[in-house]
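Use the sequences and the hints to build the structure in full.
FYI, the numbering for the sequence shown is -27 to -1, 1 to 244, going by mature numbering (1 follows the signal peptide of the UniProt record, and there is no 0).
These are computed hints drawn from the structure, not numbers from a lab. Virtual Cβ for every residue (Gly too), placed ideally from N, Cα, C. Hints should not be assumed to be uniformly reliable.
Unchecked claim - Quick list of simulated restraints, FRET-style, between CB atoms:
| # | residue 1 | residue 2 | range |
| --- | --- | --- | --- |
| 1 | Asp149 | Gly64 | 34 to 42 angstroms |
| 2 | Pro43 | Val244 | 25 to 33 angstroms |
| 3 | Glu16 | Ala109 | 27 to 35 angstroms |
Unchecked claim - Calculated pairs, DSSO-like style, for lysine-lysine (alpha carbon to alpha carbon, straight line, at most 30 angstroms):
| # | residue 1 | residue 2 |
| --- | --- | --- |
| 4 | Lys220 | Lys106 |
| 5 | Lys162 | Lys237 |
| 6 | Lys220 | Lys84 |
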Amino acid sequence: MQKFMKEPILAALSAILIILSSGCGHPAASSAPVKDPSDSTEEVQLLISAAASLTESLNELQSLYEAEHPQVKLTFNYAASGTLQQQIEQGAPVDLFLSAGTKQMNALLDKGLINESLTTNLLTNNLVLIVPKGDAVVVQRMDDLSKLGDIAMGTPESVPAGKYAQQALAYHQLWDTLQSHLVLTKDVKQVLSYVETGNVDAGFVYKTDAAFSDKVKVALTAEPESHDPIEYPIGVLKGSAHPDEAKAFYEFILSDQARQVFIKYGFTPMV
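Next up, the structure:
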């Protein structure tokens, strides 16, 4: 009896499958629009590698952006631009890169890692020499550096500010003579810390780093012609796991709202 009960059931199932398959055999062309990141309800995490000198400004922009886009979580990796470049080349899952030098961005562009249509020079800055506030030593020009003891600067090979400092010292024919005075650091924030704590007599940082410290003062500003232009490019990685969200944040960084924040922290926008 069971044998005869199964046959009608199997026949019915076969009929249903035939109907379903005929309905799916020729799907209509999709007219769904490209996904707008702001419409998503799933949380997306963007990893952004950024030069250490951008820490304060990007932290404020993070708060603004996440308030407007609660589905997007921004995670920042702050370090020397050269270090970040190496991490990206080694396969770090980065979505956007903000460098304190064009050299690092150009290297990634040459290797095909940056989306050429989503990269631009964003900001400019100034290189300054800082000393502890209240310090009795007067430094009015580069030649006065010979009066000092230890002078901190970023490692030129990996820290753009260090490269600019090296160029400025060479411009004034001081690079060779000051070698025994130089203390090389991993990034500009470490230079700032060394000067604030009195571990060194002076240090080269960006104007924006010095502006928000009450423990240091600017002794002098390096002449623009003494070093390469200080430009901060931004770019979206071709391998971003979230290209729509990465592009949306890129466009936010170029917005007037973000521009005003960068100005607040002492940067000069280029866009």
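How the hints compare with the structure:
1. Asp149 with Gly64: 34 to 42 angstroms: holds, 39 angstroms
2. Pro43 with Val244: 25 to 33 angstroms: Holds, since Pro43 and Val244 (Cβ atoms, about 27 angstroms apart) stay within the stated range.
3. Glu16 with Ala109: 27 to 35 angstroms: About 54 angstroms separates the Cβ atoms of Glu16 and Ala109, which means 27 to 35 angstroms is violated.
4. Lys220 with Lys106: It is violated: about 42 angstroms lies between the C-alpha atoms, which goes past 30 angstroms.
5. Lys162 with Lys237: holds, 19 angstroms
6. Lys220 with Lys84: holds, 20 angstroms
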